[in-house]
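Colleague: The lines below spell out each chain.
Protein chains: 2
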Amino acid sequence: MIIDCHGHYTTAPSDLTTFRDAQIAALKDPAQTPSRESLRIGDDQIRDSLEKAQLKLQRERGSDVTIFSPRASTMAHHIGTEATSLEWSQINNDLIARVVGLYPKNFVGVCMLPQSPGVAPANSARELERCVKDLGFIGANLNPDPSGGHWNSPPLTDRQWYPLYEKLVELDVPAMVHVSSSCNPNFHATGAHYINADTTAFMQFLQGDLFKDFPTLRLIIPHGGGAVPYHWGRYRGLAQDMKRPLLTEYVMKNVFFDTCVYHQPGIDLLLKVIPVENILFGSEMVGAVRGIDPTTGQYYDDTKRYIDSSALSGEDKTRIFETNAYRVYPRLKARLAAAG
Amino acid sequence: MIIDCHGHYTTAPSDLTTFRDAQIAALKDPAQTPSRESLRIGDDQIRDSLEKAQLKLQRERGSDVTIFSPRASTMAHHIGTEATSLEWSQINNDLIARVVGLYPKNFVGVCMLPQSPGVAPANSARELERCVKDLGFIGANLNPDPSGGHWNSPPLTDRQWYPLYEKLVELDVPAMVHVSSSCNPNFHATGAHYINADTTAFMQFLQGDLFKDFPTLRLIIPHGGGAVPYHWGRYRGLAQDMKRPLLTEYVMKNVFFDTCVYHQPGIDLLLKVIPVENILFGSEMVGAVRGIDPTTGQYYDDTKRYIDSSALSGEDKTRIFETNAYRVYPRLKARLAAAG
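Taken in order, these protein sequences are the chains called A and B. To convert, note that position 90 of the first sequence is 161 in our numbering; the numbers rise steadily by one, no gaps. To convert, note that position 117 of the second sequence is 188 in our numbering; the numbers rise steadily by one, no gaps.
Errors might be hidden in some of the hints.
For chains that are exact copies, the list does not tell them apart, and a pair is met inside one copy or across any two.
Okay, derived cross-link-like pairs now, DSS-like style, lysine-lysine, Cα gap no bigger than 27 Å in a straight line [to be verified]:
#1 Lys127 with Lys343
#2 Lys314 with Lys388
#3 Lys127 with Lys314
#4 Lys238 with Lys99
#5 Lys127 with Lys283
#6 Lys99 with Lys404
#7 Lys123 with Lys314
#8 Lys324 with Lys404
#9 Lys375 with Lys283
#10 Lys375 with Lys204
#11 Lys388 with Lys176
#12 Lys324 with Lys176
#13 Lys343 with Lys324
#14 Lys204 with Lys343
#15 Lys375 with Lys314
#16 Lys127 with Lys238
Read the hints as simulated data drawn from the structure, not as lab findings. Predicted, not measured: the structure shown is a model, and the values here were computed from it.
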């Protein structure tokens, strides 16, 4: 069983974008407010959007199931108000639930949260609970910077975030720390903001006492952990200089990296320096990088190939492809069993 | 000849900190404004601050000369006004000139710039020129985020920066893109802000046309290029998707990475994916990480060991340790020759 922990619905029918455009336009002109009922996406549209993209690539690349969430770049929590984000989250999460309903063997749901700048993260707990309890989702994407590149929320270790962590722990679901698009011209979304957020989150965890307060909280840092594995010596050294616990004895008890690193040398480094129990297979297809690497003739984001080609033992590959995911997502096995 | 391109005066006499504290206090209470003449640092103090630190480590580790600039974390361009930054820059740059005067074989000067949030980068050209023409410096540190973690200046590819680039080109000196401390609680300085800035700058260069406009401008991205080498596949793929030139045919004609990566696997990755002509030896000692790696028994930041232990040919090691630096810093050879 090959489980891809990191997939977004990047190929959703264009009606979804049309609705969002109208929702955004209505922020300035409430007369244009679209009704949620005006958004009608048929099952055939959903099937079509997946059959020629994610499902085709699952078959071609040999993965079995994708842990699937709304498109990260269009979460755009910085747009509008809390009400805007709540409506947009519910629509997207419901759409993911329909995807899972149509293809229960191929997809398991993860939700986006109705975060909004300046709004208490506690307010996202209700939608999280709805997605887990009513829609059968197994995790959430948590945006550490709802401002979209201005970084004016408190760090993830701040107590303001605690009510949301309490709900994650209560529901026994992990969160992937994942920013959305950037409205700061300094930061290209997938080329800077995403990777910076991963690095930033890791350092916040190293500095703070979050996992003392939440020993069972599990957080996934995507994109191979940002810059962290490449600078593993820096982070080990900083923890040491700051008289913090060893990374393997504190942060890495609760934090996991995916394998969204799009070349063999990067994956080889990740597998070399990060304990295998902290690594989850992920590709983020169809996502940030869609082309074919001319040096290999294969898709950059076909990360399964890099792991297959690595020096890891078969047993360790199985942990990355499958069994680690059962540990990080405790609700996953039941969902797969229910899918038959 | 082993040339360390990345050293800051992190061990300057405490009188410098005392002056800075008074300068900052005077922002609220001008009666406390310290006179520049009140700051008297003797040659013996300078010698003492270096003999037991950078000079000792040069000898122990086997490097010959350090390209030396004011402490990066205390540039703190976000504090005070343009006048504050100008005075602080001149004091620090003059101090570097004294270091070089005392140890001309061991140190070559690079300046900090009197940047200030919201102030045109053009205003830094004059201090740059003074440092190069009057003090014999061979480069500058350029802060891409004078706000200290709020990132509200335009990207480095914006025309607002062009007058400063014109001066760099006119003087034939490179700049190292180096942020200072962070006043944003999200970003630990050396664990997040530094690395994020490196990654951010690279992506800005990938997106923009800066090097079409300045084909001879040379910029160094420190800390091993941030996250870039680890995600080299992502950046190659993004350039391709965005229909930008190949990285090796555009950005890497003008951009160089240092070797401030504090473990062997990280350095091995850097040397594997980044062309050898784009790599400059650097350690940033005495800097961000000061401890001894228990897995090796050696200092984390003794980066020379990692390069010595790498699979590179002797010829390639010489390029990284020495000859690439002559290309990136055209004024370096003359300075070394003058030192005898």
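Colleague: For every hint, state whether the structure bears it out.
Modeller: How the hints compare with the structure:
no.	hint	in the structure
1	Lys127 with Lys343	neither (31 Å within a copy, 33 Å between copies)
2	Lys314 with Lys388	neither (34 Å within a copy, 35 Å between copies)
3	Lys127 with Lys314	between (49 Å within a copy, 25 Å between copies)
4	Lys238 with Lys99	neither (34 Å within a copy, 45 Å between copies)
5	Lys127 with Lys283	neither (43 Å within a copy, 40 Å between copies)
6	Lys99 with Lys404	neither (45 Å within a copy, 61 Å between copies)
7	Lys123 with Lys314	between (52 Å within a copy, 24 Å between copies)
8	Lys324 with Lys404	within (21 Å within a copy, 50 Å between copies)
9	Lys375 with Lys283	neither (34 Å within a copy, 38 Å between copies)
10	Lys375 with Lys204	neither (32 Å within a copy, 55 Å between copies)
11	Lys388 with Lys176	within (21 Å within a copy, 52 Å between copies)
12	Lys324 with Lys176	neither (30 Å within a copy, 48 Å between copies)
13	Lys343 with Lys324	within (18 Å within a copy, 31 Å between copies)
14	Lys204 with Lys343	neither (38 Å within a copy, 48 Å between copies)
15	Lys375 with Lys314	between (37 Å within a copy, 26 Å between copies)
16	Lys127 with Lys238	neither (35 Å within a copy, 54 Å between copies)
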